[in-house]
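Visitor: Spelled out, the chains give:
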Amino acid sequence: MAKQKTQVEDIARELYDIKDKENSSYKTKQGLTEEVVRDISRQKNEPDWMLAHRLKSLRDYEKIAMPGWGPSLHELNMDDIVAYVRPNTDMAEDWNAVPEDIKNTFDRLGIPKAEKESLAGVGAQYDSEVVYHNVKKELLEQGVVYTDMETAVREYEDIVRRHFMKLVPPTDHKFAALHGAVWSGGSFVYVPEGVEVDFPLQSYFRLNAPGAGQFEHTLIIVEKGAKLHFIEGCSAPKYNQVNLHAGCVELFVNEGATLRYSTIENWSKNMMNLNTKRAKVEKNGTIEWVSGTFGSHVTMLYPSSLLAGEGARSEFTGITFASSGQHLDTGAKVIHSAPNTSSTIHSRSISKDGGKAIYRSSLNITPKAAGSKASVVCESLMMDADSRTDTIPVMDIRNDAVDIGHEAKIGRISDEAIFYLMSRGLSEAEAKGMIVRGFVEPIAKELPLEYAVEMNRLITLELEGTIG
Amino acid sequence: MSQLQLNRMPEPTWRWLKVNTVEEEEGFAYPVMPERIANSTPDGVCTGRVSRQSLKEETGIGDLFAAKNKPLLEGMFAHRTEDVWCVRIADEANVSSVIDLDLLLPEQDGYTDEVVILAGRNSRANIRLAYRGDMDGKLQNNVWIIAGAGASVTYMQANLTEEQTKMFGHVYAWAGEGASLFLYSAQMGRADVTDGLHVVLEGQGSFLDARLMYVGTNDKTLDLTYYVEHRGKDTQALVTAKGILDGNCKKTFRDTLDFIKGSSKSKGREEESVLMLSPHVKNISVPLLYCGEDDVEGEHAASCGRPDEGILYYFMSRGISEEEAKKMMARSSFASLLTEMPDPDLKEDIMQAITHVLFGEKEVG
Numbered sequence: 000m001a002k003q004k005t006q007v008e009d010i011a012r013e014l015y016d017i018k019d020k021e022n023s024s025y026k027t028k029q030g031l032t033e034e035v036v037r038d039i040s041r042q043k044n045e046p047d048w049m050l051a052h053r054l055k056s057l058r059d060y061e062k063i064a065m066p067g068w069g070p071s072l073h074e075l076n077m078d079d080i081v082a083y084v085r086p087n088t089d090m091a092e093d094w095n096a097v098p099e100d101i102k103n104t105f106d107r108l109g110i111p112k113a114e115k116e117s118l119a120g121v122g123a124q125y126d127s128e129v130v131y132h133n134v135k136k137e138l139l140e141q142g143v144v145y146t147d148m149e150t151a152v153r154e155y156e157d158i159v160r161r162h163f164m165k166l167v168p169p170t171d172h173k174f175a176a177l178h179g180a181v182w183s184g185g186s187f188v189y190v191p192e193g194v195e196v197d198f199p200l201q202s203y204f205r206l207n208a209p210g211a212g213q214f215e216h217t218l219i220i221v222e223k224g225a226k227l228h229f230i231e232g233c234s235a236p237k238y239n240q241v242n243l244h245a246g247c248v249e250l251f252v253n254e255g256a257t258l259r260y261s262t263i264e265n266w267s268k269n270m271m272n273l274n275t276k277r278a279k280v281e282k283n284g285t286i287e288w289v290s291g292t293f294g295s296h297v298t299m300l301y302p303s304s305l306l307a308g309e310g311a312r313s314e315f316t317g318i319t320f321a322s323s324g325q326h327l328d329t330g331a332k333v334i335h336s337a338p339n340t341s342s343t344i345h346s347r348s349i350s351k352d353g354g355k356a357i358y359r360s361s362l363n364i365t366p367k368a369a370g371s372k373a374s375v376v377c378e379s380l381m382m383d384a385d386s387r388t389d390t391i392p393v394m395d396i397r398n399d400a401v402d403i404g405h406e407a408k409i410g411r412i413s414d415e416a417i418f419y420l421m422s423r424g425l426s427e428a429e430a431k432g433m434i435v436r437g438f439v440e441p442i443a444k445e446l447p448l449e450y451a452v453e454m455n456r457l458i459t460l461e462l463e464g465t466i467g
Numbered sequence: 000m001s002q003l004q005l006n007r008m009p010e011p012t013w014r015w016l017k018v019n020t021v022e023e024e025e026g027f028a029y030p031v032m033p034e035r036i037a038n039s040t041p042d043g044v045c046t047g048r049v050s051r052q053s054l055k056e057e058t059g060i061g062d063l064f065a066a067k068n069k070p071l072l073e074g075m076f077a078h079r080t081e082d083v084w085c086v087r088i089a090d091e092a093n094v095s096s097v098i099d100l101d102l103l104l105p106e107q108d109g110y111t112d113e114v115v116i117l118a119g120r121n122s123r124a125n126i127r128l129a130y131r132g133d134m135d136g137k138l139q140n141n142v143w144i145i146a147g148a149g150a151s152v153t154y155m156q157a158n159l160t161e162e163q164t165k166m167f168g169h170v171y172a173w174a175g176e177g178a179s180l181f182l183y184s185a186q187m188g189r190a191d192v193t194d195g196l197h198v199v200l201e202g203q204g205s206f207l208d209a210r211l212m213y214v215g216t217n218d219k220t221l222d223l224t225y226y227v228e229h230r231g232k233d234t235q236a237l238v239t240a241k242g243i244l245d246g247n248c249k250k251t252f253r254d255t256l257d258f259i260k261g262s263s264k265s266k267g268r269e270e271e272s273v274l275m276l277s278p279h280v281k282n283i284s285v286p287l288l289y290c291g292e293d294d295v296e297g298e299h300a301a302s303c304g305r306p307d308e309g310i311l312y313y314f315m316s317r318g319i320s321e322e323e324a325k326k327m328m329a330r331s332s333f334a335s336l337l338t339e340m341p342d343p344d345l346k347e348d349i350m351q352a353i354t355h356v357l358f359g360e361k362e363v364g
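For the record, the sequence lines run as chains A and B.
Quick note: the first sequence uses numbering that gives the first Met the number 0, first residue 0, plus one each step.
Quick note: the second sequence uses numbering that gives the first Met the number 0, first residue 0, plus one each step.
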C-alpha cells in the first residue's frame, strides 16, 4: 500500500468568502491618475496639505521602480484597480444604524460579539471607509482618542500632520508612495501619558468590492508610560480578479510605553497584500508584534522596529501558512539605534501543496547601539516536496559590544519525534497532530484568546499515513 | 571602466542592505600561467598543464556549475588562460603524502592561477595550495575539484599574502556518489579579498565538511560567498566559518544551503561565529537556507561579539597581558577548525598568520 503523507487541510474559508451584493455610493475610475487622486481628496473634503501630500506621493510613485526582489507582481495592473469605493452608509456609533448587509457581514465575522465581550473599542472598515466606530466611555474620560483617520485629520490636525507618513515616507518604496496618494480609512489612536488601556482596541478591515484596493492608514501614538493592545483583522471574499491591499501602519511608542500590535490576516487568494508597518520606540519603550498571515495570493510584509531610545525593546512573533497558489514573503526588520536595546524575532511557517513561505529579515546594529542584544529564531515546516520555503536573513552589526544570535531550521515532521510519542501510547495521528499543534503553539499563545481559537479553527488537521 | 558583479546572492533581497552583490572594476587580463615545479609526484598522481578545451570535453567541467554561475564565470574570467594546471589522481589511488601546489607570487601586476583537481573513483588524496608574497596587484584564483564516486579529497587553501595582493578567488567542487570533500579555506591575507565556494553534492550519499577561517584588520574588505547545492539524495553538508575582525575592516559573508527538489534525506548545517576586536568593524552575515524538498533537515546559526570578558579577566588575573590574552583567544578560535587538518606545517603557518595579521608580529624566523 502506498505511503501517504501527513495532510494539513487548507484554511477553512467559507465564512470569509460570502460576498455582499455591491452597493457602493461612489467609486473612482479605474487606474491611478492625478484625476483619481484629486477625486478622492475632494470626496473627503480634506485640508490642502493632505491633497498636496497625495499629489507629491503620486509623483513619487511614478518615479520609483518596482522591487527587484521577492515575489513576482506581474499580475498587478494598477490600471485595473479601483482605488476608492465608498459604501452606501455614513459612519455609525451603533451597529443598528449600519446597513443590514454590512452589519450581517461583521456579525458573521464575530466583531460585534467580540466588542461586547472583550474589547474597549472597535473600528470596522468596509471597502474604503470606516462604517462603524465606537469606544468605551471610560477610555474617553481618560483622554484616549480612538477614531477613524479622516476624523483625526480634521479634529486632531496638528498631531496628525506631525506624524502622518513621517515614519513611512512615500519615498520609502513604490507601494508606500501609492498608499500616500490614495489612502482612505484606517484608525487613529492616541493614549495619553500614564494611561493603561486594559482591554484591546480592534480595527477590522473588510474588502468586498471586486477589483478594488484598500489603503487604510493606522496611526497610533502611545505617550510616556502608557499601555495599549491593538488588534487588527482583515478579510475579503475571493474573486477571479486581482484585489490590492497596500495599507500603512505607523506606531509611535514613547518613553516607557508598551504597545502590542496583533494582526490576523486572512485575505482571499486573489489579493495582493503589500502592507508596510513600522514602529519607532523611544527610551525604555516596548513594541510587541504578533502576526498571523494565512491569506492572500501574494504577501510582502515586514513589520519594522526602529529602537531609537536607550533601553527600547522589540519583540516579533509571527506565523505564516502558505498553501496552493500562495507566495507569502514575510518577516521582520529591526534597527538598533541606541544603547542597551534588545530585540527578539520568533517566526514559524508551514508550507503545503505548492505554497511558498519565504522568511526575510534584517537586523541592523548601528555604531551607537553598544550593549544591545538580539535574537532571531526562524523555523519552517514543509509538508510536501511541491512546496517551497526559504530563509533570507541579513545581519549588519557595527558595534562589538553586543550579543547577537541567530538560528533557523527547515524540515518536516521528525520521524523520531513521532516514534517517541507513539512509544508512549499515542496513535500516529495523535502524535502528528500534537507535533503540528506544538509547532504553532508559541505563536498561538501570544494571540488574544478568541484569535487563538480562531487560528486553531483555521488550521484543521487531517492526519493519515504511516511514519516516513 | 565597467563594473563586474561578483559574489551574487542566489536570490536578491532589499537593495538598501547592499549585500546582493559586490562590484569590482573589470580588468583581470593576467594570462600568465604560473609554473609549478613539483619536487616529486606521489604514485597515482599526475600533474601538469592541460588544455582547457580537452579537459572540458573529458569532464564537462564548467557545465556542472554553469546554471548558477554563468554570469560570474563569463564576467570574471573573460580573459582566461588556454591551459590549466591539472592534478589527476588515479582510480583507487591512496596518496599518503600531501600534494603541494603552493605558489610564491612573483613581483608583477597581477596573476591568474587556475587549477583542476580530478580525483578518480575511490581515491584518497590531500592537496594544499598556499599563496605567499606581496605582489602589487590582483590575484585571480580558480580551483575546480571533481571527486569521482567514492573518492575522498581534502583540499586546503590558504591566502598568506601581504598588503598589496588583492585576492579574487573561487573554488568549485563537485562530488559524485559516495564521495567526500573536506575543504579548508584560510583567508589570512592583509589586503582585500573577494572569495567564493560553490559545492555541488550530486551523487547520492556525498558529503561535505567545509571550514572557513578569515581575519580582517585595518581597512580591509572581505567579501565571501559559500554556496552548497544538495542535489543528490542523502547528501550531507557541514559548513563552519570563524572570523576575527579588527580595526575598520568590513566583512560580508553569504552562506547558502540549497536543497534542490529530489535531495530527500539530505542534511545540512551551516554555522558562523565572529570575534569582534574593535568597535569600528562592519560585520555583515547572510546565512541563507533554500528548500524545495520536504524530506530534509537544514539548519543555520550565526553569532558574534567581543572576547568574553570573563575569560579575559581570568587570563589577566594569571599575569597574562590583555593583548596576549586576545592572541590566545584568537588562536584558539581557529584551532578547533584545524585540529583535523592533515598538513601540520600549513596548520602552523595559518596559526602564525593570525598573530602576524592581527598583531603585526612575524613569528617565523
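These aren't lab readings, by the way, just hints derived from the structure by calculation.
Be a bit skeptical, because a hint or two may be false.
[To be verified] Here are the computed lysine-lysine pairs in the DSSO-like style, where the Cα-Cα straight-line distance is at most 27 Å: (1) A:112 with A:18; (2) A:355 with B:326; (3) A:115 with A:355; (4) A:62 with B:17; (5) A:372 with B:241; (6) B:241 with A:355; (7) A:237 with A:112; (8) B:326 with A:372; (9) A:372 with A:444; (10) A:372 with B:55.
Visitor: Could you run down the list of hints and mark each one as holding or not?
Guide: Comparing the hints with the structure gives:
The suggested pairing of residue 112 of chain A with residue 18 of chain A holds, with an alpha-carbon distance near 21 Å, which does not exceed 27 Å. Proposed proximity of residue 355 of chain A and residue 326 of chain B is contradicted: the alpha carbons are some 46 Å apart, above 27 Å. At most 27 Å may separate the alpha-carbon atoms for a hinted pair to count; residue 115 of chain A and residue 355 of chain A exceed this at roughly 38 Å. Straight-line distance between C-alpha atoms of residue 62 of chain A and residue 17 of chain B comes to about 21 Å, which keeps the hinted pair within the 27 Å bound.
A distance of roughly 20 Å separates the Cα atoms of residue 372 of chain A and residue 241 of chain B; the hinted pair therefore holds under the 27 Å criterion. In summary, the hint linking residue 241 of chain B to residue 355 of chain A is not supported, as the alpha carbons are separated by about 32 Å, beyond the 27 Å threshold. Of the pairs offered as hints, the one joining residue 237 of chain A and residue 112 of chain A holds, with about 25 Å between alpha carbons and a cut-off of 27 Å not exceeded. For the suggested pair residue 326 of chain B and residue 372 of chain A, the alpha carbons sit about 26 Å apart, so the restraint of at most 27 Å is met.
For a cut-off of 27 Å, the pair hint linking residue 372 of chain A to residue 444 of chain A stands: about 24 Å separates their Cα positions. A C-alpha spacing of about 51 Å is found between residue 372 of chain A and residue 55 of chain B, which places the hinted pair above 27 Å, so the restraint is violated.
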